[in-house]
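There are 2 protein chains.
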Amino acid sequence: MNRIPILKLGHLLLVSIQVDMHDRMALALQEDLAERISVTGARGVLIDISGLEFIDSFIGRMLSDIAGIARVLDADTVVVGMRPVVAITLVDLGLTLPGVRTALTVERGMAMLPAPTAVEELDDEEEAEDAGGR
Amino acid sequence: MNRIPILKLGHLLLVSIQVDMHDRMALALQEDLAERISVTGARGVLIDISGLEFIDSFIGRMLSDIAGIARVLDADTVVVGMRPVVAITLVDLGLTLPGVRTALTVERGMAMLPAPTAVEELDDEEEAEDAGGR
Numbered sequence: 001m002n003r004i005p006i007l008k009l010g011h012l013l014l015v016s017i018q019v020d021m022h023d024r025m026a027l028a029l030q031e032d033l034a035e036r037i038s039v040t041g042a043r044g045v046l047i048d049i050s051g052l053e054f055i056d057s058f059i060g061r062m063l064s065d066i067a068g069i070a071r072v073l074d075a076d077t078v079v080v081g082m083r084p085v086v087a088i089t090l091v092d093l094g095l096t097l098p099g100v101r102t103a104l105t106v107e108r109g110m111a112m113l114p115a116p117t118a119v120e121e122l123d124d125e126e127e128a129e130d131a132g133g134r
Numbered sequence: 001m002n003r004i005p006i007l008k009l010g011h012l013l014l015v016s017i018q019v020d021m022h023d024r025m026a027l028a029l030q031e032d033l034a035e036r037i038s039v040t041g042a043r044g045v046l047i048d049i050s051g052l053e054f055i056d057s058f059i060g061r062m063l064s065d066i067a068g069i070a071r072v073l074d075a076d077t078v079v080v081g082m083r084p085v086v087a088i089t090l091v092d093l094g095l096t097l098p099g100v101r102t103a104l105t106v107e108r109g110m111a112m113l114p115a116p117t118a119v120e121e122l123d124d125e126e127e128a129e130d131a132g133g134r
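In order, the protein sequence lines correspond to chains A and B. Numbering-wise, full-length UniProt numbering puts 46 at position 46 of the first sequence, and it's gapless, one number per residue. Numbering-wise, full-length UniProt numbering puts 101 at position 101 of the second sequence, and it's gapless, one number per residue.
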């Protein structure tokens, strides 16, 4: 597995990181996410890290980089699901995740991200109709 | 990593399977999911398999088992994000995923699952208030 799936949930994108990332995988995720934000016009990105048992400086920088990329593409990023032990390790290591907002759960993260504007909701409805959904 | 994260999205649970599952991991996922359905009263389960490059009979049976377990706990299951090549392999292998419904994307899968009843919506709002959310 070399790519981490990016799920579209309305005007948000959700990424669940479950495996230890190596360099190439992290780069691929950044590229895929930038592409998806651009194509979907997503306004928010949720990154779930509840599957991670530790975070080192590499993962920390990757999260900051993703938040930075999303920001210049006009999307907010919230990291959700951090385990208590991971939070402790982060502080022990002196890592601060600059530019990254966090929330305890996906639902709270969603509440922190911008709601779709009236125009975007209209777009979504049209897409749903085009897709034959609902 | 021995546990696959289960994310709560309103009245639904979302599981993104990204790694090749071995026996113990599949059993753990079944147990965790049954527990979460029971605790949260979720009415639907979305299983994203867009990260999987193949499905064998073991994974096929696991998906059917999960759908069966969810059903007796009064929750519907939809498997979403199947890659085209996986669909071809499934049919080649003669696997039919009995009892499992599928949808192309998470969003279409959500549309197939039951909406929360008025009582459940009330519960959710109370929970959000208790948690200090929104």
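Treat the hints loosely; a few may be bogus.
Some chain A residues flagged as far from chain B (calculated, every beta-carbon gap over 12 angstroms) [what the hints assert, rightly or not]:
hint	residue
1	Lys8
2	Leu14
3	Ser16
4	Ile88
5	Val106
Covered, in the sense of this in silico footprint (three residues per stretch, anywhere, with C-beta under 8 angstroms from a C-beta of chain A), are these stretches of chain B [as the list claims (entries may be wrong)]:
hint	stretch
6	5-17
7	92-100
Residues from chain A shown here face chain B by an in silico Cβ test under 8 angstroms; the list is partial [said to hold, decoys possible]:
hint	residue
8	Val19
9	Met21
10	Ser50
11	Gly51
12	Ala115
Just so you know, these hints were derived from the structure itself, not from any lab. Heads up, the beta-carbon is just placed ideally off N, CA and C, and yes, glycines get one too.
Restraint satisfaction for alanine 115/A [CB to CB of chain B, less than 8 angstroms]
Violated, because the Cβ-Cβ distance from alanine 115/A to chain B comes to roughly 11 angstroms (cut-off 8 angstroms).
Would you say the stretch 92-100 of chain B counts as covered by chain A, given the rule of at least 3 residues with C-beta under 8 angstroms?
With 0 residues close enough to chain A, the hint is violated.
Claimed clearance of chain B by leucine 14/A, with the beta carbon kept past 12 angstroms:
Check fails; 8 angstroms does not lie beyond 12 angstroms.
Can the hint on methionine 21/A be confirmed by a CB-to-CB distance to chain B that is less than 8 angstroms?
This interface hint is violated because 12 angstroms lies over the 8 angstroms limit.
Count the residues of the stretch 5-17 of chain B whose Cβ falls closer than 8 angstroms to any Cβ of chain A, and tell me whether that reaches three.
holds (count 7)
Would the stated hint for serine 50/A survive a check requiring a Cβ distance to chain B of less than 8 angstroms?
holds (4 angstroms)
Hint validation: valine 19/A versus chain B, beta carbon distance must be below 8 angstroms. Holds or violated?
holds (6 angstroms)
Would you assess whether isoleucine 88/A, listed as outside the interface, keeps its beta-carbon beyond 12 angstroms of every beta-carbon in chain B?
Given that every Cβ of chain B is farther than 12 angstroms from that of isoleucine 88/A, nearest at about 19 angstroms, it holds.
Can we confirm that no CB of chain B comes within 12 angstroms of the CB of serine 16/A?
About 5 angstroms separates serine 16/A from the closest Cβ of chain B, which leaves it inside 12 angstroms; violated.
Non-interface claim for valine 106/A: all C-beta distances to chain B beyond 12 angstroms?
Its Cβ does come within 12 angstroms of chain B, the nearest being 5 angstroms, so this is violated.
Report holds or violated for the interface hint on glycine 51/A, using the least CB-CB distance to chain B and a cut-off of 8 angstroms.
holds (4 angstroms)
Status of the stated non-contact between lysine 8/A and chain B (beta carbon gap over 12 angstroms):
Incorrect as stated: the minimum Cβ-Cβ distance to chain B is 6 angstroms, not above 12 angstroms.
Hints 1, 2, 3, 5, 7, 9 and 12 from the earlier list are contradicted by this structure; the remaining hints agree with it.
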